[in-house]
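**Student:** Based on the provided sequences and hints, a complete structural model is requested.
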Amino acid sequence: MWSYLILVILASSLIFWILYIIRTMRSYKLLPELIRTQNKSSGKFPKVSVIIPTRNESKRVSPCIESMKAQSYPNLEIIIVDDSTDNTVDIIKNIVKDDKRFRIIKEEKLEEGWVGKPHAMQQGSKEAKGEWLLLIDADTAHDPDLISSAVKHAIKKKLDMLSILSELVCKSFWEKIIQPIPTGLIIFISPLGKVNDPKSKNAFALGPFILIKHSVFNKIGGYKKIRGKIADDVEIAKLLKESGFKIGLARAHDMMKLRMYEKFRDIWEGWSKNIFLGLVQKREIKAKGKQILILIIGLFVIFDMVVFPFIAIILSLFVVFILNITFWWFILGFSLIIWLFSIIAQFIVHKKYYIGNPIFSPLYFIGGIITMGIFLNSAVKTLSGKGVKWKGRTYTNGKALE
106 MWSYLILVIL ASSLIFWILY IIRTMRSYKL LPELIRTQNK SSGKFPKVSV
156 IIPTRNESKR VSPCIESMKA QSYPNLEIII VDDSTDNTVD IIKNIVKDDK
206 RFRIIKEEKL EEGWVGKPHA MQQGSKEAKG EWLLLIDADT AHDPDLISSA
256 VKHAIKKKLD MLSILSELVC KSFWEKIIQP IPTGLIIFIS PLGKVNDPKS
306 KNAFALGPFI LIKHSVFNKI GGYKKIRGKI ADDVEIAKLL KESGFKIGLA
356 RAHDMMKLRM YEKFRDIWEG WSKNIFLGLV QKREIKAKGK QILILIIGLF
406 VIFDMVVFPF IAIILSLFVV FILNITFWWF ILGFSLIIWL FSIIAQFIVH
456 KKYYIGNPIF SPLYFIGGII TMGIFLNSAV KTLSGKGVKW KGRTYTNGKA
506 LE
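Oh and the sequence shown: position 377 is 482 in the numbering used here, straight run, nothing missing.
Think of the hints as simulated: they come from the structure by calculation, not from any bench.
What you are looking at is a predicted structure, and each value in this text was computed from that prediction instead of being measured.
We put the beta carbon where it would ideally sit given N, CA and C, even for glycine.
Some hints could be false.
Pairwise CB distance ranges, derived in the manner of DEER restraints [unchecked claim]:
#	residue 1	residue 2	range
1	163	456	29 to 37 Å
2	388	423	39 to 47 Å
3	369	138	27 to 35 Å
4	438	131	46 to 54 Å
5	405	204	49 to 57 Å
6	302	499	37 to 45 Å
7	210	302	32 to 40 Å
8	127	389	21 to 29 Å
**Tutor:** Next comes the structure, spelled out in structure tokens:
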């Protein structure tokens, strides 16, 4: 009986991986690639106001500020909204020096019901003078021609908002084996290929880079309607599309790099902040029973796809060589096939989407176990009302407690 149950679970794992390949590669083909554009004239493109929220980013902010300073786009202002207690501002000032395009403003006290990042972006937008707002994260690095290329693409496609897919940089061991798992699963479950279709209700954006018309931003009230949402990037894309505005998503892996988290603790806390709460908020699931169901389904999918094939191999080896049960040779072979297929699938997809280093895909089962722990931790803290911690703040149901 147990052997047949294992075969059924393995079969479901194979189905998941087949769907994974089909869905992610279809989305990849449907997403346009950002074409490099060099612009040297201030008269060609409208003014762009870049808004960068910073909160204790002293170890990570330099590449972002340096790459903004090197932008070829001439009609530009960069507004940094800071709420740091470390020396982030000193580092920024040392890089910026006398560059008049940069302004640093102190973030106002976080208002009740607001999440930190949307609050900072909202404040920055009030200071912005550009026709376009570019909302970016401080943990990004940009090609000198990125803004020129993005603005040209947005104007050509007559978009009200443009977001891009960047390269996910993973340097430490924990980054390499953990980061590709939740990132790959997000690409799998998100309708990326349908984002550019105005007739489709599917909406998606990535917070590290959101280019939006200032007038459109004001028309939807900025972040006010989604001020308590953890997954603010997806929520603003959803709000825009529901309001009848045209949004777009493009690939720009060679023009932007993102390094989300560096240490194991940062990975754990960072994903715990939004991996579960963002999921239930996106689908507007408020009933506790349905949220628990999402938890169970999420844990099963991660376990079935990433972890179980490897466990089945170890179990089969034990049964075959220690208990000497012949039928388990078939289970062993089937397990090996699915495990190898999962490695190949992840290698192909992660290489296409520039997610980490695909060479580490044989170790992703370890990352899968840790991702399950993160997902469970995120769910427990959300469901219990204790909230999740991030950058010195505790978020409970979208509300921040200092």
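**Student:** Run through the hints listed earlier and report the numbers of any the structure violates, in increasing order.
**Tutor:** 4
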